[in-house]
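K.L.:
Chain residues, written in single-letter form:
Protein chains: 2
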Amino acid sequence: MSEYIEHDSQGVSVGLTEKLFYTFAEPPGQLVLESGARLGPITLAYEMVGELNAARDNVILVAHALTGDSHLAGYYHHDDPRPGWWDSMIGPAKGIDTSRYCVICTNILAGCMGTTGPSSENPATSKPYGLAFPMVTIGDMVRAQKALLDQLGVRSLLAVIGGSVGGMQALEWSVRYPDLVRSCVALATTTHHSALAIAFNEIGRQAVMSDPNFNKGDYYGGPRPDLGLALARMIGHVTYLSDAALRQKFGRRLQNRQDFSFNFDADFQVESYLRYQGSKFVQRFDANSYLYITKAADYYDLRQQHGHGSEVEAFAKTRAKFLVVSFTSDWLYPTYQSRALVKALKKNGLDVSFCEIEAQCGHDAFLLPSPRLTGLIGGFLARVAEEE
Amino acid sequence: MSEYIEHDSQGVSVGLTEKLFYTFAEPPGQLVLESGARLGPITLAYEMVGELNAARDNVILVAHALTGDSHLAGYYHHDDPRPGWWDSMIGPAKGIDTSRYCVICTNILAGCMGTTGPSSENPATSKPYGLAFPMVTIGDMVRAQKALLDQLGVRSLLAVIGGSVGGMQALEWSVRYPDLVRSCVALATTTHHSALAIAFNEIGRQAVMSDPNFNKGDYYGGPRPDLGLALARMIGHVTYLSDAALRQKFGRRLQNRQDFSFNFDADFQVESYLRYQGSKFVQRFDANSYLYITKAADYYDLRQQHGHGSEVEAFAKTRAKFLVVSFTSDWLYPTYQSRALVKALKKNGLDVSFCEIEAQCGHDAFLLPSPRLTGLIGGFLARVAEEE
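Going line by line, the protein sequences match chains A and B. Residue 1099 is where the first sequence starts when you use my numbering, and the numbers rise one by one after that. Residue 1099 is where the second sequence starts when you use my numbering, and the numbers rise one by one after that.
Chain A extracted, bound-state conformation (with noise of 0.2 Å):
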C-alpha cells in the first residue's frame, strides 16, 4: 500500500511467483452488483503461493489494501528489485506458513493491477470503461473472489485475511459466507468508515476530479490527472502515519539546505517525501480506480448492510474464529473501533482474540515486518488449525 514500507524479509523467500487470471466469461459471468448495475465480463488477477491439499481446505485468501495488488510474495523474475507487499508475512516458515498453507490473493474489483476496473475494456464500446464503469462495493470485490474460489473448487478457506480495506474484506467474507470462513484475522481496519475517513477520501476524490486533465474520466490515451491523483495520493499517505512517525523519521529537517528558501521550494524533508511520493504513486495506479476504491471503502458499513444497523446482529450467523488486531498510533481507523468490533463478536459468542499492538507508524503498521504481529498471526492460524 505505500512505499514508505522497506520490506524486511525474515525466513525464506518463496521465491518465483506468478500474476494468474481468471475470467467469467459466460454467464454467471456477469455480476449483478449491489447497485442493481451488470457487470461482465470480469478477469480477476491472483496470486497464488503454497500448494493446495487434495482436500482443498488449506487455503488463506489475503484481501489487500486500497492501492495494493495481487503480488504478495516472492518476485515475478530473477531481476525483480522488489518481492510481493506481504513478503515479510508470507512464505515457508513465515507468520502465513506457505509450506502448510495454500495463500491467494486477488487484485480487487475496481482496481488496475490485472482485475477488470475502469481503465479496462468496456465490451459495450470497445474502449475503456472510465466513469461508465458502475460503481462497486466491498460485497461486491469479495463476491467475485467467491468465483474465483469456487472455479478452484475451495469450498472451505482456514482464513481470510487483511488489513485496513483488506479487513473490511475479511469482515465481510465472514458475514456473506458464514459456512465457508473457519477463521478471520482483521488488521487496522473497522466495521464502518467513520466521517473523518470519509472525509479525506472525499477531499482526495475532489482533488483528482478537479485535475482539468480528468476529462470525466475519459483520459486514457492523453494526458493524466497527474497532479490530482499525486495530491490525493500525499492526503492519503498522511493519514496512513501518524505524528509521531513523521517526527522521528522528518522531524523539521531541511532538505538540501542549511538555511531556509524564503520561497515555495520544499525547505523541509517531509514536502519532499510527500511530493515524491506523489509523483512515484500515480506512475503505478489509475485515477479512476482510485475514485472507485475510495467510495466502496466510504460506503461500506456492515451494521447497515447485514445487521440493520446493529454491529452485533451483522455478526449473528457468522461462525468464525477471529485475530482482531489494532495499533496504538492508527487514527485512521483507532482501537476504539476494534474494541466495538470485538464486543459485537463477542456477543454473539464467538472466539475471539483482540490484540492493540503499540506502534508509533499510525494506520501503516499493519504493513510494516513485526514480529509481534507475526508471531500473532502464525500462532492464531497454527491454533485454527490444530483445533478442527
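A pair holds if it fits inside one copy or across any two, identical chains being indistinguishable in the list.
With a Cα cut of at most 30 Å, we get these calculated DSS-like pairs of lysine-lysine: (1) Lys1378 / Lys1314; (2) Lys1441 / Lys1415; (3) Lys1347 / Lys1445; (4) Lys1117 / Lys1225; (5) Lys1441 / Lys1347; (6) Lys1225 / Lys1378; (7) Lys1117 / Lys1378; (8) Lys1244 / Lys1444.
In short, the hints are calculated from the structure, not lab data.
Let chain A serve as the given structure and place chain B on it in line with the hints.
P.N.:
Relative to chain A, chain B alone:
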C-alpha cells in the same frame, strides 16, 4: 477562522466597530524582513475595542489565526450578519473585558483583509505583488504589529493573546519584546511547527499551485485558483476538527437521500459540508495569502530562531506571565507540545498557568464559546492587572 463556529455571544456586545488603517509611509516605512528582503510601504488593517487609558498601559493585543482578520468583535454596521470572530470573548464583562482593557487586533502581514499582502499593489510595478511579494515570517508579522503600537504610543502590553498561528505570534512577542509584554496567553499552539502540520500545509499549497488558474500567482484580474484553494481549505478544515467532532456532527448520515447515489455525488453530509466550506472560503480569501501565511507557520521555530535549538534558552529573556491552554482533541497542536512549552517556561522561573481543556471539537476548540476558557482568560488577566 472557521465557519464551523456558531457564535453564541454572552454578555454585552461592543456594538459598532470599524476597520482602521495604519501605513508606514516614510522610512522606517520599509521593513527589512527576516529573509533580508525589504517590504514597504506597509499598511496594517486593525481594530481597537475599548478605551486606551491615559497611561496607555491597558492594551491587550490579540493575534488572529491563519485565515482570520482584524475584525475581533461587534458589528461593522447594523445589518452586519455576524459579529467579529471573537465576539464571544471580547466585550464589556466578557472574558476580555473591554470596559477595562483596550483590545487591538491587526490583520497579519501577507494577509488579504486590508493589510499589505500578495494581493496588494506592488509599488515597483503598480500591479498586485503575486509571488513577487517577499516571504514573511511570524517574526515579521510581530514586528509590523510593533510598528503600529509605537505609532499609537503604546509602550507596554498588558497581554498578548492568540490561538494557533495567533499563539505563535503571542509567543514570539514574549521573546522578541520581553520588556513590553507583561503577560502572554497561548492557546492551542506550539513553539515549532511539527512535520505533521507542515505536511498538511504543504499539501494545501500544492493544491493551490497545481490549479491551472494559479498561473504562478499572477491570477488577479483573471480566473482565480478557486478549485485548488477550496481543496486546501477542505484539508485544513479536517485538521481543525476531530474524529469525535466529525462523528457527532455528521457520522455516516446521508445528504438528501435515503440510499447511496452509486456515483460520485456527495452521498454523505460530511462530503457536502466540506465542499461547501471549500467554496465559501474562496469567496473571502486570497490563494497567495494562503501560501505565504502557511509557509510562515511552517518556518516558525522559536527554538532555532531565538534559542540555538533550545526551547528553554529561547525564553531566557522573557519576563511575561503565561497562560497556556491546550485542548484534548487537538491533534494538530497536541497537548504534549503545550507541555513542552510550559516546561521550558518553568525552567526559566517564569509564572506559568497551564490548562488542558477537555474538548471534543479538535483544534477549533480555541475559537468556540467556552465558559471554561472565558473564565480562565478573564481570571488570568485580572490577576495580571492586580499583581502589578
